[in-house]
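Dock chain one against chain two, each of which comes alone in its own frame, and use the hints as you go.
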Amino acid sequence: MKTEQTRDLVPLEALTDAAARKRYWRSLEELSDSPEFQELLHTEFPPNATEFLDEVSRRRFIQLAAASFGLAGLTACTRQPPEKILPYVNPPENAIPGHPLYFATAVPVAGVAEGVLVETHLGRPTKVEGNGEHPASLGATSVHSQASVLDLYDPDRAKEISHLGVWQSWEDFQLALMQSLTPLRSGKGERFRILTDTVTSPSLGAQIQAVLAMFPGAKWYQYDPAGRHSARAGALTAFGRDVNTYYRFDKADVVLALDSDFLACGPGSTRFAHDFANRRAGGDRSNMNRLYSIESSMTSTGGKADHRLPLRYAEIELFARDLAASLGVAGLTTSGSQNHPEWISAVSRDLMAHRGACVVVPGLHQSPAVHALAHAMNSALGNDGKTVIYTDPLEVQSTDQIASLRELVNDMDAGRVDVLLTLGGNPVYNAPQDFDFRARLHKVKTTIRVGLHSDETSVECQWQVPETHFMEDWGDTRAFDGTLTIQQPLILPLYDSTSSLRLLDSILNPPGRSSYEIVQNYWQKTNGANNFEQWWRKSVHDGLIADSALPPLTPQLKTDWAQSLSSPGQQGIELAFRPDPYLYDGRYANNTWLQELPQPMTKLTWDNAVHLSPATAKQLNVGNQDRVELNYRGNKVEASIWISPGQPENSATIHLGWGRWHSGRAGNGAGFNAYALRPSDALWGGSGLQIRRLDKDYPLATTQLHQSMEGRDLILSATAAEYKNNPDFVSHETKQPPKELTLYPQWNYTGYAWGMSIDLTRCVNCSACVVACQAENNIPVVGKEQVLARRAMHWLRIDTYYEGDPANPRAFYQPVPCMQCENAPCELVCPVQATNHSSDGLNDMVYNRCVGTRYCSNNCPYKVRRFNFLLFQDWVTEQTKLQRNPDVTVRSRGVMEKCTYCVQRIREADIQSRVEDRFIRDGEVQTACQQACPTRAIVFGDINNHDNEVAKLKSLNLNYALLAELNTRPRTTYLAELRNPNPELKSNA
Amino acid sequence: MTTVAEKQLQTPRRPEPGTSLPVIAGAESFGTLTEQITSVVLTRPTPPFWYYTFAVGMAALIMFVVSVIYLLYRGVGVFGIEIPVAWSFAITNFVWWIGIGHAGTLISAILLLLNQGWRNSINRFAEAMTIFAVMCAGLFPLLHLGRPWLFYWLLPYPNTMHVQPQFRSPLVWDVFAVSTYATVSLLFWYLGMVPDLASLRDRAKNRFAYGFYGVLCLGWRGASRHWRYHETASLLLAGLATPLVLSVHTVVSFDFTIAILPGWHSTIFPPYFVAGAIYSGFAMVLILAIPLRKVYHLENLVTERHLNNCAKVMLATGLILAYTYAIEPFTSWYSGDTFEMAVVHNRAVGPHSWTFWVTLSCNVFIPQLLWFRKWRTDPKRLFLVSFVILYGMWLERYMIIITSLHRDFLPSSWSNFIASPWDVSVLVGSIGLFVVCFLLFVRFLPMISIFEMRELLPFSRPGGGVEK
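Going line by line, the protein sequences match chains A and B.
The first sequence runs 1 to 989 under the working numbering.
The second sequence runs 990 to 1457 under the working numbering.
Looking at chain B on its own, in the form it has when it is part of the complex (with noise of 0.2 Å):
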């Protein structure tokens, strides 16, 4: 008499079309899953690698804490902003942030909406990812105001003043688009988590994890009723977050579009920073899945095939970028105007052209690597690649800001844009944030959705997938 869990292991799993990568490698059944999944949280030791980056996470944290309380107290100035150019690291900052923010959404939403089902082994961190990226992304704004203790004054809301946020301002629209998306992915994820988090409750070890995972469940206690109504959410709130995708980034780019600055005034824009978006974002999360699995030994559950399929994603992405690269400088020629062609002229063989160079060869020369399955396939050519592309992509937005304001229209007015420490700093400590929340997140809660995971073995589909 065999057991259920013998009997799924024992159940041999159909071949996916288009791939020989499995999306789940090696024989599992509900109950390994689970356990694999749970005992990261519940039993297995912290492994020593967790403690290392978090020390680091953690020092950068501080220094971003230091960072913010000497800023609020000697005023923004202490950036390297200057007249004319007044915007830098922060927005730069922003935008990377916001970008790398839209892998997650991408995977959870659209992937789930397209049917794909190799996104459930890796939209749980992906989403999370999301959170701590738009998280740390919102902090620039406020902190790059120079009065940030009235960064409320964004908000409509009603007051003795009678004013209100002034609505032709991208600033404004930003605010909504940002706070929409953040609201949204934080649901999402939370929501998707539900299920796992009683799962936890239900393997937990102590009172205090019993109570904890308890709380955070809502009561879930798997009834048909209770995934039905999951299944609905799920989707609408799938269906919510797959026009913010392409919303938050296309309103992003409106902050720079909607001015007249040349390089900046470009139609271009929206599209352009989507693709952007999706490709730092797809970087960040291989980023953070190749040395998660090999550290938690999930080469079962991420497999090759997902990084194939996401370095795939990220050659897509990077040759929409590479065509915008492309068209930009043309539409400077065709158009004939002056300041047009000066910024092309000035970012190529200007004072910060390195940027202009750096930047393409880390979004469109290096990334054509992917076309070798070997570099999609091996995990630290991978990760090189998308290490480079993540860099790529904080140095792209890093040029549209600086080239366009140093240089603009009149001569007199040009300057020569030099960082500050504390603009590293920042950024650095922002990593240094981000860091931390993620391995907080690795370490308190499932980092891989386990009922999807299940979802994803032959029997859980109709009929069991058992052969009569």
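Just chain A, same shape as in the assembly (with noise of 0.2 Å):
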């Protein structure tokens, strides 16, 4: 330090001053403290040393310090995040907190309505139920309606409106509507376009309508992937119009199938499913009605046929041609092919022996000939207006679809439109693979979208509209029969989002009215009642509209009908195309709960799969789950092989609706694209697939790897004939030890003694029993992994069996829930006492106690124990939380569980009943898989009490229990089942 420089750094003078403001100093320096003695302060230390910044002092770094160690400790007080909870200052009447209210709408598949009631917990729709007075639901339900509510709460819906992805609001989107749309009033709205799926709203319709008279230039095209497109072509056919076909099992005896899974899909299957169940299982049994099914790929359906025929796709036309010139159908000559004469002549008797009491059914996806041939049949059979009922078409405007869609590729290739309305679809990804939608979308100077998902097609739109879920806004749809609902919303948009309805009145009347203005206003001006506000209340309280149904036609057969008839050619292996039973068109794709769902016959979930008969499988050298590459006609799609028994040889069935790219995150990725093998002209199939094998396995995830019951008593089974002539046969068959068979004392059920049993000649396969299961008791979906690794979650499950040549083998459907056996093996090995028996009968699971052992599954004979293995359930989406049902406990990591026979709704009832001083009711407690059971299989009840059902049905001679000879003593039992083949065809009895 150089001392002049010190000497300069105390100017005299300011001393004085600062000895007045400071009181201590210790130089001369610090007392003048000029800014030089600051600079000197700061440079004490020689020039390289590095110089420390940090404000923080030593003091002040040790304070921190301290307190982090200190409050670190604070953590473990988490402090909860305000909440606020407001009474409703004007309760909602009748809304109780824990006692759901039930609404009536309907949920549309396809433009197709099934009537159903919705539960809700103060205002959040949490289960789907059928609607008892609606004809397609008769109080059941399809997988589809009970899925339909996790579709509201998917947490990938669309949520907001965006143009070219930025956020934009619903004004922004009017105002850019108006002024994409006011140019082309001039030209009469001539490059306007709107597409749209199936429309059978009413008020959606005259809407659409109303827009084509503002532009009268403008054009409405309609395109399903998996519609009725064979339907309407076969109509044209053989009547020169198009009507819609409805079947009435319930007065029919004897029922062909030609390629129809009308028990388990398609419009109108749940009631289907109950007639045909009511006809083979009434009464006493002994005028059962007999099912033939022909089909090209083993369904459900055909599983359940009395006699079942696999044929491929095209040879099916031959097989209906020749049966019906048996039947003496005017102008028809045989196809000459002379295939399966006993089948032609044993079938051809049986259906006339019962002229008028018989159906023949079509497969939607069956061929437009196949269609004509069957309403000939059922004409020359005298079934019109007995068993078969047509009427005019449910749509509001019948078109050809493909067509209409074509015509619109082309003009959007040519440059001609301007403006295309997309309202739901999916077209980028279901448009037949040669019309290019989406390269021809990218032409279109103004593209807008309306659908439910941030789908394929809506990424592709500059426009992405957010749709309302049919639960959160008004419209009006038709059931297979023509009846119409007002659908009624059952809780506020959960998103930003717009219906169908008031995006197109905001073009009419802008601003635009609310949904509920316009159907109201709609059925004001078409009903014509003198009551209306009474008329409207009473329709939306029930759910239909009364005596809406179509009347019925009487449509002639054109004379030169057979004239158009062709013959398919066919060579090499077949493809044919199916929607998939439970994601149909793709629509469903990231309903987690449809695709863990297993597949009715291969139980496979979360893909689809080509499927080989076992024999083409061999001879094209390729197992399960191999990976192979399909080509047909030049297009070319990797996908894995299922070997399924019963189907037709050197055909490949492969599943729509699969391989989405933007679905969602359940979605995206599972299974491949049949759409992208899907030419326009073979809708449904062809022949010439190419099938390459590659060299890589890809895994697929089956519920139920083994389909032979190994020669094991588990499904006893009689024809009609065999039942008659022994009708103790079941008790032949099984073993069942005496009851003081135990080391513990008999508990006697003086109170209610709970009891399930299952029809097995009415359950048809269908899974909407297990869905409604996974609705009602908040059963979390695994992933593909873990179904793999065999940890699926459900607690119902439909056992599916063959037995006979694996070419065309009988099938055997078996639910089984918990059988709550009275001997449980289950409770024995709990070391904690989490499983119990209640006094009622229930083997209760007591998820709080459970420590997780396993062992009670392990000593579980039926296997119907479910453990969560890991963290299955959600906990953090808010989205899902509010599906849950408040009545049942959200199980976590570690705990096993296990059909409950839906004990939350014995509970209540027993409540209620105590309340009402009273005994529970006979049919009072519905389990949920008995309320969405299309054809009754289900029964549950007191058992204690001789006079209800399930007692009745349970002293039934053909009533068993499943593994009875271990003693179990199971609540849950089973009636054998029963078929009725005809003696006169000996195949496939």
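Everything labelled a hint here was simulated from the structure, so no lab data went into it.
All values derive from a computational prediction rather than experimental measurement.
Watch out, some of these pointers could steer you wrong.
Claimed, not checked - So the derived label-pair ranges between C-beta atoms look like this: (1) Thr1320/B with Gln619/A: 44 to 50 Å; (2) Lys618/A with Trp1138/B: 36 to 42 Å; (3) Lys618/A with Thr1320/B: 37 to 43 Å; (4) Trp1138/B with Gln746/A: 50 to 56 Å; (5) Trp875/A with Tyr1199/B: 53 to 59 Å; (6) Thr1327/B with Gln879/A: 47 to 53 Å; (7) Tyr1218/B with Ala66/A: 54 to 60 Å.
What the hints assert, rightly or not - Short derived list, chain A residues pointing at chain B, Cβ under 7 Å: (8) Leu828; (9) Val829; (10) Pro831; (11) Val846; (12) Asn848; (13) Gly852; (14) Pro861.
Even for Gly, the Cβ is constructed at its ideal location relative to N, Cα and C.
What follows is the structure, encoded as structure tokens:
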């Protein structure tokens, strides 16, 4: 330090002032506090020494460190986020917390509705039940209705209006829409096109018609990839006009299904299955109906049939023609193929013997010729108006959808479209492959998409408008027989979404009315009832408009219809496209319940597959889960093989609706995209498929690896004739040990004793019960990897077994819930008393007590117990929390769970009955599976009261307990399956 | 004038009846024996072999710890278990480790009561093996719980829930059987070690060792009163431990027999399991003894006589096992029960049939070599056979559990079990835990009972054994 510098630091004149301010000082330099001194302080250390710039002093640092350590301990005391609870000022009528309310509406699937009641807990729809008054439901539901509530809460739904991916307000959108439509008015809107899926909603139809009236040059196209293209064409061939066809299976003694899966899939299947089962297992079972199924892939209906004949898709037409000829249909020549003469003669004799009480059902995906032939056969057999009902089409406007879409695509390609408004549908994903919809969409100036999901089409369109779920807005729709339902909302829209109705109205009468006003207005005009308000309230409340079913028609066969039939050619391996039983055309691809629901016959989850017969697979040298390349007319797709017994030779069936790339987290990448192979001129299949084996494996997740019963008496069955001769065959085939054969004292059930009866004759493997159980009991979805690891959580499963020749086996279905054994092996081995018997005979599971030894599962002979191996429940996603049933515990990691006979419903009824000082009435408690079952195969109740239905069923001589020889004394018992084969026809009886 | 030690060394020893092989080879005195055994702990440098195996064991132990942390974090689903195979590796490991433990108690208790002097050279480390094996075993039922932190619900204790364990469940019996067994074994082991700990204290070279062994030996002075009480307590504990040898594995076998599952539900399981336990336990004793005697030059104390005797026990228990293997299919067939016969069929030709045939080879066919004296006394050959038996016994339990579970009553729920990497890492890790514990025992405690070895010397008999 230089001395002169130091001297300079002390200006003496400053000292006096400073001395007054500063009480203590160590040096004159400090006292003066001059800038030079400050400078010196900071440069005290040699030039190259690093300066400690951190403002935090050592003292402060230690303070902070000490405080941090101290506060670290405080994290244990989590401060709960503030949540405000506001009581209702004016509580809604009937809203009692803890008591659900039910509202009627209808679930539309591809425009065809099923009436339902939706259970809501304090404004949250949680569960869908059937509407007993609705003809399509009769109290039961399909899988799609059950799963629709999960779609509402799908976290991957489209949530906001956006333009080119940028968030916009509804007003911005309206402005932009006006701006793009106004210039078109001069040309009468010629360059404006609307594309929808099949529209059956009268009010939406009216709205579209009104828009078309506003823009006379505009055009409206409809496209549904799995719609009734063939049915329409077939009706045109036969009758010269489009008709809607439905069937009265309750009046049919003999049913011939021509590639139709009417029991489990398609419009009206819930009702059809109900009517069919009632005719099959009604009364004393002495007058069973008979089902013949000729089909091109193994379906639930085929498995249920008394006689099943696997034929390739194209061969079915030849078979139908030969059969029609042998039935004496006028103007028809046989195909000359001479195939299956024993079938033709036996079936035609059987049909003729039941004129007016039989029915020929063509599959929606069969060729127009088969539809026409079926119409002709039904007509020749005198079934029209008896078992087959014709009405006007359900659609507001019946169109040839493929031709319609082709026209649109051509116009788009030629640049003749300026504004394309797509309402619903998903054409980028599911339009025929040769239409190249995606590329052509980009030639349109303005593309607007209204859709529930931000899907493949939405992301290719400029404007993306979220659509309301049907549970969020008003609407109307038609059932398979034309019955109308006014859909009412059950919850406010979760997101910034709009309905198609409202969007169209904003074009018609800007700024547009609410959907409620639109629907109500439409019906006020149409209905013309004197007392509209009363009519409206009743219709909304009932879930259907009274007597709105379409009136039956009696269309006449055209005289020259048979001329137009052509014979299909066939060579090589045939490819058959089918809508997926659960994902349908792909619209449910992001629904995890349906993704994980085991497919009816194969029990596959999370994937579709190429279904080959065992012989064809052997011939092609491919095995299960082998990856192959499908080449159909030059289009290629990679897929996995699944060997399906009962598949016709040289035929590959693939299901549509998979392989989506923008459906959401569940659907993306699940399965392969069959649409990539699907041409517009062979919508349902054709020959010439090439299969090339790739040398890789692709695991397919199935919930049932073994479909043989191994000769064990698990499903007892007999023919109707055998049953007549030996009504006690069941007791001969089962070994029930005496009741006293146990170390423990007998419990005397003095009050209720709950029990279940499952009629195997009635079960058609539709799986509605499985989804219903999942929805009711908060059962988690585990994902493909965990299904592969055999950890699927379904409390109720439907075991599907094959028997006989793998080329054409007989199939058996067995729903397996918990057996609620009276001598329950699980209870004995639980070390912590987590599973116990209740006084009314339930095998209860105490989740809180369970430590997860899994011994109970090992000791359960029915393997109905399910274990939370990992954290399977979604505790994070807000939307899924809304769906949960508040009456059922949400289980966490490490506990065992299983079917409870819906104990929450039993207890609720119990409380109610005590309040009213009475016993629980028969049928008052319905389990979720029972309620959903279209065929009433599942009956539940108190077996202590002999007047109850379940007690009566259990006293039938068909009643048996599964694995009775173990003396578990199950409360769930089965009624042996009866079949009614034709004695004339030996094969596959 | 000869010293006492020289006198002792010169004392001739009478050949024992029935064998030409001596229990203690060479001439030993009290002093040389004590010096040989204590020097391993106190003076001799730790051999490199110890460090190598310790490193390997420690690595496996670290893997075990990591696996367990992951297991507790993710849930028991990290294992390959599923429905229907809800038990697999963890329970296999449990039964295997418990079984291994049995040899220790058999040697120390039953052979003591049967006055089999030769067991004195091997009982100490066999008992240590029991302790560590039971420790490893005890971990598995806890780790494989769905909610391991609630394991104490299996114990009867007064609680506000007024819920007690369900005493009809064999898992509760297990808790009692295993915890009793662990306690008695630990006491017996420690009690037996007290005089030897005093020897170590007396020969300790530094303050730390002196203090350590001094505390552990509970003030043992070698007074005759001490010896008298010690002898009584040893006999009492031996009497307590003897029924445990039979009961513990019987109770473990109840885990299976009480269930109604075909392949488990069998009355032959208790004797079958006990025999199997002793079988695998002796295999483990040999696997430990053979390298130990070589590395620490204890061939004079653990002689061919011991190898021979252990091998004979293995041969006998192996034959019992072979009988059970034979009688099981017979009873299945004789019962005429579809499900029972299906299990036998599935074991022999099903997807896991390799486990059956390998088990049969390891436990029945290969051990027949022990009929040959050379295979019983040659350490390398015997080591090989023991290893095969130990593996076979693990696989046998695996086979019993997997093949019964994966195909039971309803074919719809049949599956094909696939283990996960965590299954293997926890098994290997538990072996690491065992190895580390055992090596620490060898390093810090007397691995052979000093005072009991002295008893074997002729001059410890009345009269000093010295010919007049």
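Hints and how they fare:
Between threonine 1320/B and glutamine 619/A the beta carbon distance is about 45 Å. The supplied range of 44 to 50 Å therefore holds. Taking the beta carbon of each, lysine 618/A and tryptophan 1138/B are about 53 Å apart, not inside 36 to 42 Å as hinted. Range check, lysine 618/A to threonine 1320/B: Cβ separation about 40 Å, and the 37 to 43 Å hint holds. Between tryptophan 1138/B and glutamine 746/A the Cβ separation comes to about 38 Å, which falls outside the hinted range of 50 to 56 Å.
The supplied range of 53 to 59 Å is met by tryptophan 875/A and tyrosine 1199/B, whose beta-carbon atoms lie about 58 Å from each other. Restraint check, threonine 1327/B to glutamine 879/A: a C-beta distance of roughly 49 Å satisfies the suggested window 47 to 53 Å. Taken as a hint, the range 54 to 60 Å holds for the pair tyrosine 1218/B and alanine 66/A, whose Cβ atoms sit roughly 56 Å apart. Because the smallest distance between the Cβ of leucine 828/A and any Cβ of chain B comes to about 5 Å, under 7 Å, the interface hint for this residue holds.
With a least beta-carbon distance of about 5 Å to chain B, the hint placing valine 829/A at the interface is held under the 7 Å criterion. Taking 7 Å as the C-beta cut-off, the interface hint given for proline 831/A holds, the closest approach to chain B being about 4 Å. With 7 Å as the threshold, the beta carbon of valine 846/A stays out of range of chain B, its nearest partner Cβ sitting at about 9 Å, so the hint is violated. Taking 7 Å as the C-beta cut-off, the interface hint given for asparagine 848/A is violated, the closest approach to chain B being about 9 Å.
Contact between glycine 852/A and chain B, as hinted, is supported at the beta carbon level, the nearest pair being about 2 Å apart and thus within 7 Å. Of the supplied interface hints, the one on proline 861/A holds, with its beta-carbon coming within about 4 Å of a beta-carbon of chain B, less than 7 Å.
Violated hints for the displayed structure, listed by number in ascending order: 2, 4, 11 and 12.
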